[in-house]
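Heads up: the sequence shown is residues -23 to -1, 1 to 661, going by mature numbering (1 follows the signal peptide of the UniProt record, and there is no 0).
Simulated from the structure, these hints should not be mistaken for laboratory data.
Some hints here could point you the wrong way.
What the hints assert, rightly or not - Think about it this way: if two alpha-carbon atoms lie no more than 27 Å apart in a straight line, the pair counts; the simulated DSS-like pairs of lysine-lysine are:
(1) Lys58 x Lys48
(2) Lys37 x Lys48
(3) Lys37 x Lys85
(4) Lys200 x Lys231
(5) Lys530 x Lys584
(6) Lys433 x Lys581
(7) Lys530 x Lys433
(8) Lys260 x Lys226
(9) Lys530 x Lys561
(10) Lys37 x Lys20
(11) Lys581 x Lys530
(12) Lys20 x Lys85
(13) Lys494 x Lys260
(14) Lys494 x Lys609
(15) Lys453 x Lys494
(16) Lys260 x Lys231
(17) Lys20 x Lys55
(18) Lys119 x Lys226
(19) Lys85 x Lys58
(20) Lys530 x Lys453
(21) Lys487 x Lys453
(22) Lys58 x Lys37
(23) Lys609 x Lys433
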Amino acid sequence: MKHACLFRMVFTAACLLAMSTHAQSPQSAVSANADGRHTLNLKDADIQALIATVSEITGKNFILGPNVQGKVTVISAKPMKPDEIYDVFLSVLRVHGYAAIEQGSMIKIVPEAMAQQDGSAALNGDREHSADELITQIVPVKHVSANELIQILRPLMPQGGQLIAHASSNSLVISDRAGNVTRLVNIIHRIDTVSDAEVEVIPLAHANAAEMARTLTSLAEDKAAQANAEAPRVFADTRTNSILLAGAKNARLKLRALIAHLDTPLENGGDTQVIYLRNANAKDLVPILQGVAATLTGIAPPTAAKPGEAAGPASASTATIQAHEQTNSLIISAPPAVFRSLASVVRQLDVRRAQVLIEAIIAEVADSTASEIGVQWFTAPQTDGDNIGQGIIGGTNFPGPNGNSSLTGLATNPLGLSGLGGLSLGYVDGTIKIPGTDKEILNLGALVRALRGDGKTNILSTPSILTLDNQEAEIKVAQEVPFLTGSYTNTASSGQNGQVTNPFQTIERKDVGIVLKVTPHVNEGDAVRLELHQEISSLAPPVTGAVDLVTNKRELTTSALVSDRALLVLGGLLDSNVSDTNSKVPGLGSIPLIGNLFRYRSNKNEKRDLMIFMRPQILRDAATEQAVSTEKYNYMRTEQLRLREDAAPLTPRSERPLLPETHDFLRDPALGASTDKPAGQGQR
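The whole structure should be built from the sequences, with the hints applied where relevant.
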């Protein structure tokens, strides 16, 4: 305390000495009354003299910054207390651009710009402050945005004041004179009140909510831009066909009036609209939408049209729905509420349907073995001219498994030997005539037959087909084979020339080959239910006793559930046929060794395995479809390139068919299958 008093006395003496040393000292007067009040009158006095005078009167200690200088004038008409003189002193500092910052028992006098950045500036609320004292205050905001208040309060602050918004706590930080801070806080409290902005729902009876929301949003934004105000927000709830308004009460009242004016029924004939479809078939949707409209209106739908006729229109009080096949569009004439429901159904049905690629594998493996061995002999007396001599006649005659290998058959038709397989050895002793005829036959004394056959068949068919979900598809790789179904003869008279016979035959052509019919049903997961009909047919070798062609047919009809890209076996056929034939002469055929001359044996073993496999692949988007198509395309092109490497064909390599590159074909489909593209331009 002694040091403070000593400092004050030294500082006062220094200031008075400085004032007295000026040759042209300004007029100054400080008079004191008996009650402790002072009258302060200064004219063009140095600011440091004023600071010294205030320090002497109030008893406060000051620290002056190096830039604190200037002339001040203070005129007082009546005496003031020390606290009042200090408030006047702060006002003088503010006028001259200085500020007083209290720090402990000392008061720093610095320029106002430096005082804003001084960390020792007082926070409002810790004590009472003078109106001209520089303070910093934090003002929390409850109902409005702190960033929005910045734009309102900034023009009301002096250039040296600081105003900062803290978004996380939604508060304002104000650094300015206490008087200004108090004024700004009062303004903030009046603005920061509960808003009348609410959200209300307005159901529409006639208009479309989505279209109404677009119109109101555009109109509200234009008005807000002209008035520099915030536009009310408008939303559409398509499910309930309602408008949601959010904003101030006066703005919502204007929009409600506009909505009431727009939500009115249209004139007659104005409720007909056209909906263009992207994926669904318009003709297929008509009966569905008529049923929905009947449910909404409570009136029965129009009667179903007969094949080849157009659907009849509904009564005047119901919705009229027609399909325009050329543009794949729906023409709907209905009240607005009914139309909105129908349009919602159309949007949910008109979606991209998944496609399914079904790849079938038909594998057939057949194995057949046959063996045949036997001895036939015949003896007859020698002939003498036209007479048959005397002697023993007889022999063995075994027809064999195919019926054309008998000894007597070959004697009558020697050319039949060429149709026999295996080894055939015989002994011929001239010819003989059949008694009572002029026909001569070979005198075939003996015939030995030996045959060993081994046949294997491996057939693999891989038909594949692409179809839409729930859409039946069919692929057929077959031949049209004619089958005789009947014949008749027409006899007509030709006048003097007699009668003319006209034979007629009726023929039916049937498909013989591979036929695949499939209807896929894709569920919500990754599985496919397949309704399948698989038919495999082929022509069989001629069968003895058959009046026409004989076909082998394998048919499968089933329903199966299989996962996406999984392999499933649908069915198979195992056919095994073993036959043994042993023909012999009784008694003689049983003699060891010698009995083989009186025996004919044959064996046949046939085995056939047929299996059918299916592999579905779901194609849900265009990218997957493109990948599958490109893979198949490149496979065919690779096969063509491989064939081009074959040097055996006489066709020049450059003229052999070759598909273009995939990217070239997609860029210019008119290229087609190129055959004359020069070498070095994407072809080999």
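How the hints compare with the structure:
1. Lys58 x Lys48: With Cα atoms ~24 Å apart, Lys58 and Lys48 stay inside 27 Å; holds.
2. Lys37 x Lys48: With Cα atoms ~21 Å apart, Lys37 and Lys48 stay inside 27 Å; holds.
3. Lys37 x Lys85: holds, 11 Å
4. Lys200 x Lys231: OK: Lys200 and Lys231 at ~11 Å, within 27 Å.
5. Lys530 x Lys584: The given pair, whose Cα atoms are some 16 Å apart, holds under the 27 Å limit.
6. Lys433 x Lys581: It holds: about 14 Å lies between the C-alpha atoms, which stays within 27 Å.
7. Lys530 x Lys433: holds, 19 Å
8. Lys260 x Lys226: violated, 49 Å
9. Lys530 x Lys561: violated, 37 Å
10. Lys37 x Lys20: Holds. Lys37 to Lys20 sits at ~23 Å (cutoff 27 Å).
11. Lys581 x Lys530: holds, 22 Å
12. Lys20 x Lys85: The given pair, whose Cα atoms are some 24 Å apart, holds under the 27 Å limit.
13. Lys494 x Lys260: With Cα atoms ~24 Å apart, Lys494 and Lys260 stay inside 27 Å; holds.
14. Lys494 x Lys609: holds, 21 Å
15. Lys453 x Lys494: holds, 9 Å
16. Lys260 x Lys231: violated, 45 Å
17. Lys20 x Lys55: holds, 16 Å
18. Lys119 x Lys226: holds, 20 Å
19. Lys85 x Lys58: holds, 22 Å
20. Lys530 x Lys453: This hinted pair holds, its Cα atoms lying about 15 Å apart.
21. Lys487 x Lys453: holds, 12 Å
22. Lys58 x Lys37: Measuring from Cα to Cα gives roughly 14 Å; hence the hint holds.
23. Lys609 x Lys433: Outside the cut-off at roughly 31 Å; violated.
Violated hints, listed in ascending order, are 8, 9, 16, 23; each of the other numbered hints is respected by the structure.
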